[in-house]
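Participant: Take a look at the letters that make up each chain.
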Amino acid sequence: MTNADETERQRLARIRMGLERRAHIYRIVRSFFCDQGFLEVETPIRASTIAPELYIEPFQSEAYLLSTSPELYMKRLLSAGYEKLFQISHCFRKDERGKQHNPEFILLEWYRSGSDYMQMINDTQQLVLHIADKLHFGAQIPYQGQTIDINLPWLKVTVREAFIKHAGWDPITAGDLSEFDIDLVTKIMPTFPRNRPVILMDYPAPMASLARLNPLNPLVAERAEVFIGGMELANAFSELTDPYQQRKRFQYEIAQIKKERNYNHTMPEKFLDSLAYLPPCGGIALGVDRLIMLFNDTNVIDDVVAFPEA
Amino acid sequence: MATDIADIRKNSKLLINEIPYNVDDAEFMKPGKGRAIYRFKLRNLQDGSTFERTFHSGEKVDEVSVTSQEMQYLYNQDQHYVFMNTETFEQTLLEESILGNKKNFLKDGTLVNVLLMGEKALDVTLPNFVELKVVESAVSNKTDTVTNQAKMVVLETGVNLGVPTFIKEGDILKIDTRSGAYVERITAKK
Chain A
0 MTNADETERQ
10 RLARIRMGLE
20 RRAHIYRIVR
30 SFFCDQGFLE
40 VETPIRASTI
50 APELYIEPFQ
60 SEAYLLSTSP
70 ELYMKRLLSA
80 GYEKLFQISH
90 CFRKDERGKQ
100 HNPEFILLEW
110 YRSGSDYMQM
120 INDTQQLVLH
130 IADKLHFGAQ
140 IPYQGQTIDI
150 NLPWLKVTVR
160 EAFIKHAGWD
170 PITAGDLSEF
180 DIDLVTKIMP
190 TFPRNRPVIL
200 MDYPAPMASL
210 ARLNPLNPLV
220 AERAEVFIGG
230 MELANAFSEL
240 TDPYQQRKRF
250 QYEIAQIKKE
260 RNYNHTMPEK
270 FLDSLAYLPP
280 CGGIALGVDR
290 LIMLFNDTNV
300 IDDVVAFPEA
Chain B
19 MATDIADIRK
29 NSKLLINEIP
39 YNVDDAEFMK
49 PGKGRAIYRF
59 KLRNLQDGST
69 FERTFHSGEK
79 VDEVSVTSQE
89 MQYLYNQDQH
99 YVFMNTETFE
109 QTLLEESILG
119 NKKNFLKDGT
129 LVNVLLMGEK
139 ALDVTLPNFV
149 ELKVVESAVS
159 NKTDTVTNQA
169 KMVVLETGVN
179 LGVPTFIKEG
189 DILKIDTRSG
199 AYVERITAKK
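Here the protein sequences line up with chains A and B, keeping their order. Last residue of the first sequence: number 309 in my numbering, and the count goes up by one each step with no gaps. Last residue of the second sequence: number 208 in my numbering, and the count goes up by one each step with no gaps.
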């Protein structure tokens with residue numbers, strides 16, 4: 000990942016601008032949310048339970064798990080009446096190491112009562128525009144030899160449209176989704192324009208365990224993702240608030256995890272108890288390291304992390 | 019040995035359909051909530067050809083350990099070249115077809131590095147320079163020109179080589195095994 004000929008001191012000197020910009024972006028993000036009345040919170044990094052997700056594997060820490068996302072705790076706060084929350088937290092996902100992945104990474108999550116997934120996408124647009132403005136880029140971000148025009152509106156495409164056009168099948172009606180991820184990475188993402196952000200929206204219902212289904216079309220989940228400069232930046236949901244539905248979906252995920260990883264995942268009972276009080280809301284998780292990569296003109300996560308995993 | 023795909027790194031060695039490959043490049047891609055995808059650039063360790071292959075998380079592959087051992091070339095027989103481990107005196111065979119052009123620079127006693135998978139030899143790495151004797155020198159029908167590769171000679175390994183016209187039978191020549199080109203005449207033969 001790193002240049003083998005470089006000493007640690009040389010590498011840390013080279014990425015200094017990336018680390019300085021990271022600190023600057025944290026200040027901008029915090030004021031962006033605080034100025035709109037969001038409350039910054041912290042929830043356990045060493046968690047007693049996390050959401051069961053087949054393809055997100057946690058690190059074990061004695062009887063606890065390292066947080067893969069603060070989502071369940073954030074929603075427990077929302078259920079207790081907190082309306083607008085945000086958090087910048089360290090998250091951990093096992094075996095995720097690559098050019099754009101470090102097993103320990105930073106997620107920015109925020110939630111709004113009385114809102115939905117497209118409102119969270121709207122917030123993301125405003126946030127990226129705000130950071131670009133504060134960093135004096137205007138609405139043009141130079142990135143990897145191109146200029147990304149972040150002026151509104153951002154390009155919106157549904158999962159169904161993108162897959163029918165570029166992969167030749169419809170994942171909304173298909174029973175078998177085993178090729179979804181590989182087609183997304185190898186056939187869909189490469190077709191996204193590099194000079195504009197893209198919003199991929201309305202995922203197949205089975206691909207969003209914590210999202211609400213579209214009331215008019217229950218084959219589709221209210222989930223949207225933001226892609227900028229070839230990177231997956233953020234994932235938004237209209238949050239599922241039905242404890243019965245949520246338990247059924249968790250039971251399915253837990254069974255899959257048992258089958259594929261032979262691991263007994265605990266049902267998040269406290270979260271399910273709180274869900275009865277969760278108001279309609281939207282939530283989103285944004286990869287902060289990638290946001291910093293975007294504003295630092297690099298596609299290598301190691302360029303914005305002081306001590307990435309070897 | 020079945021290894022989880024997540025544990026394969028750049029320069030791991032894999033066995034696929036009995037053919038050993040080096041992972042020249044490994045790219046990890048993963049949608050946040052989706053399955054990990056591994057895109058490997060694989061180099062066939064027997065013929066050097068490369069291709070790309072994509073794996074899903076959870077797949078298993080056969081990882082093999084490939085070592086390099088200094089060995090001495092002994093002789094060839096029936097399209098097989100015989101090398102000897104200079105420490106254990108164990109002998110190993112390599113097919114002529116795998117050696118390719120490298121056989122042109124092998125003479126008895128040459129020390130080479132042999133790439134081994136278990137006990138099976140996959141390839142040899144020659145020293146960058148070898149010294150070979152001219153056994154046959156055709157008469158040059160022209161005088162020296164600015165291009166110094168003016169005539170062909172036959173070396174002790176049987177290979178033809180373009181050399182300057184002043185080279186005579188019995189001369190020892192220094193050859194660059196990477197380009198196959200004449201470098202210089204070694205005048206003082208011990």
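Note that these hints are calculated values from the structure, not bench results. Don't be surprised by glycine CBs; every beta carbon is placed ideally from N, CA and C. One or more hints might be untrue.
[What the hints assert, rightly or not] Label-pair restraints from in silico Cβ distances:
(1) B/SER67 - A/SER177: 23 to 31 Å
(2) A/ARG193 - B/GLY118: 22 to 30 Å
(3) A/HIS89 - B/GLY118: 35 to 43 Å
(4) B/ASN119 - A/LYS258: 50 to 58 Å
(5) A/GLU308 - B/ALA20: 56 to 64 Å
[To be verified] Covered stretches of chain A (chain B as the covering partner; in silico rule of three or more C-beta atoms under 8 Å from a C-beta of chain B):
(6) 51 to 64
(7) 170 to 183
Participant: The structure should be examined with respect to each hint, and the outcome stated for every one.
Facilitator: Hints versus structure:
Between B/SER67 and A/SER177 the beta carbon distance is about 30 Å. The supplied range of 23 to 31 Å therefore holds. Our hint of 22 to 30 Å for A/ARG193 and B/GLY118 is violated, since their Cβ atoms are close to 42 Å apart. Checked against the given bound of 35 to 43 Å, the beta carbons of A/HIS89 and B/GLY118, roughly 53 Å apart, lie outside it. The beta-carbon spacing between B/ASN119 and A/LYS258, approximately 52 Å, falls within the hinted interval of 50 to 58 Å.
Checked against the given bound of 56 to 64 Å, the beta carbons of A/GLU308 and B/ALA20, roughly 25 Å apart, lie outside it. Residues of the segment 51 to 64 of chain A with a Cβ under 8 Å from some Cβ of chain B number 3, which satisfies the need for three, so the listed coverage holds. Under the rule that three or more residues need a Cβ within less than 8 Å of chain B, the assignment of the segment 170 to 183 of chain A holds, with 4 such residues.
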